[in-house]
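Novice: Mind docking chain W on chain P? Use the hints.
There are 2 protein chains.
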Amino acid sequence: MKAVILLSGGLDSTTTAAIAKSEGFDELYALTVNYGQRHQFELDAARRVAKAQGVLRHEFLDVDISRFGGSALTDANIDVPHGREVETMDEVIPVTYVPARNTIMLSLALAFAETVGAQDIFLGINQVDYSGYPDCRPEFLSAFETMANLAIKAGVEGRLKMKFHAPLMYMSKAEIVRTGMSLGVDYSVTHTCYDPAPDGASCGECDACQLRLQGFREAGYTDPVPYVKRD
Amino acid sequence: MKAVILLSGGLDSTTTAAIAKSEGFDELYALTVNYGQRHQFELDAARRVAKAQGVLRHEFLDVDISRFGGSALTDANIDVPHGREVETMDEVIPVTYVPARNTIMLSLALAFAETVGAQDIFLGINQVDYSGYPDCRPEFLSAFETMANLAIKAGVEGRLKMKFHAPLMYMSKAEIVRTGMSLGVDYSVTHTCYDPAPDGASCGECDACQLRLQGFREAGYTDPVPYVKRD
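Residue numbers (our numbering), protein chains in the order written: chain P, 18 to 248; chain W, 18 to 248.
In case anyone wonders, no lab produced these hints; they're calculated from the structure. Treat the hints with care, since some could be wrong.
A pair counts as met if it fits within one copy or between any two copies, since identical chains are not told apart.
[Said to hold, decoys possible] Dumping the calculated SDA-like pairs for lysine to any residue here, alpha-carbon to alpha-carbon at most 20 Å:
hint : residue 1 : residue 2
1    : K178      : G149
2    : K68       : P241
3    : K19       : R84
4    : K19       : A171
5    : K180      : L167
6    : K68       : G201
7    : K180      : T163
8    : K180      : E156
9    : K180      : A160
10   : K180      : D79
11   : K19       : G172
12   : K38       : E76
13   : K178      : E44
14   : K178      : A160
15   : K180      : S39
16   : K178      : E156
17   : K19       : G86
18   : K246      : G217
19   : K19       : K246
So here's chain P without its partners, still in its complex pose:
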């Protein structure tokens, strides 16, 4: 069965790819969107993960939304926060929010899916550990699915009924790590850090690193990627 997966090369999308395969989606089409992130380590990781997961076709697409600004992930004038407590992260939508990012990436995945004839699209969004992003919520994804089936020719003609899968939606980071480990995922090829060192080592202090480290700790595993600082 065919499926398109949005693959960032991080822990979540990598685990999602493994889950899709375990559910019988053996023809995976991966889409990695370069939206002007500050660093290239994510893209390198996506390439390694796609290879490890036996992806059939992997497309990289550049969409330079960084020129719009408005996010710490794409705008060098906004600092990535360090050392925040995990418990306080869901109090406000963080500065690492990228305007309409998931809407844009899902739109591109929709185009890819229609052209390859896939009606299942997987993405690694999750609302438990990190509820700050509006476009990681189930109500957003449900509204997107409704819109998508009105948008495409194959939907209107009844050839494809698009379905969006977010299998991590209600999992904690620890559950994600445990699920991935049980499916044999090699997390050493992934990349999560928002603010890595020049050699690619994760900072260990940004929101994303802290959540990842906590997930491995609670799951009872040691994160195999290198860190500049690890509590």
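Specialist: What follows is chain W alone, placed relative to chain P:
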């Protein structure tokens, strides 16, 4: 008042820009998406139109969805149809359909709007003359608007309530031309043809040319752009 407008440089988006201005949107932010169309004449026209309409800021964004294939507008292996009768154009969704095009362009416009603080987005879609595209229908746009307000930080925080305007939705091409003429639009700077000659002259025979020519004819005007062949 601020508004974002998707500006292709064609007759419809140009008229839409003039309508937005006439409705009091005097701070226009234009977004032109280069999605791998076969020719650059559209982009040149967009630049001229933005200047003529006094656009405050004009962003060009490349999104190479042509690599996905699946459309005569982006895939050199699929021929653009010529000489079809206008009356038969709405019988099937045409090969010039580009997978998820309007979904992608509206997603990018949404990101632009959120960063500049605009809550009104204009686009020149129209379902009367040419009902073949699923993503030109009001039910699509309505579903997109619902999704958009769940997707963005400014929507969830109550700072912006996104509204999508498609003022041409129920107009015939002749009505569009008449409206634009009454607002003083200079159509000589626009470009519509799907398959222009090397010098940029419109073919006069593709679906888009035929609809445009018929619109001018029925409105009682002569189209000012050059044609290779004009009935």
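Novice: Next step is simple, just say for each hint if it's right about the structure.
Specialist: Checked hints:
1. K178 with G149: between (30 Å within a copy, 19 Å between copies)
2. K68 with P241: within (18 Å within a copy, 54 Å between copies)
3. K19 with R84: Classified as between; 19 Å across copies, 34 Å inside a copy.
4. K19 with A171: Answer is within: at 15 Å inside a copy they meet the 20 Å cutoff, but 35 Å across does not.
5. K180 with L167: both (13 Å within a copy, 18 Å between copies)
6. K68 with G201: For K68 and G201, only the intra-copy Cα distance (14 Å) is at most 20 Å; the inter-copy one is 57 Å.
7. K180 with T163: both (9 Å within a copy, 18 Å between copies)
8. K180 with E156: Both: 14 Å inside a chain and 19 Å across chains, each within 20 Å.
9. K180 with A160: This pair counts as both: shortest intra-copy Cα distance 12 Å, inter-copy 16 Å.
10. K180 with D79: neither (25 Å within a copy, 27 Å between copies)
11. K19 with G172: Cα proximity of K19 and G172: one copy only (16 Å, versus 34 Å across).
12. K38 with E76: within (18 Å within a copy, 40 Å between copies)
13. K178 with E44: within (17 Å within a copy, 40 Å between copies)
14. K178 with A160: both (15 Å within a copy, 16 Å between copies)
15. K180 with S39: Within. Shortest intra-copy distance 17 Å satisfies the 20 Å Cα cut-off; inter-copy 41 Å does not.
16. K178 with E156: both (19 Å within a copy, 17 Å between copies)
17. K19 with G86: Classified as between: cross-chain Cα gap 17 Å, same-chain 35 Å, threshold 20 Å.
18. K246 with G217: Intra 13 Å, inter 59 Å, cutoff 20 Å: intra-copy only.
19. K19 with K246: Answer is neither; intra-copy 40 Å and inter-copy 45 Å both fail.
Of the numbered hints listed earlier, those contradicted by the structure are 10 and 19.
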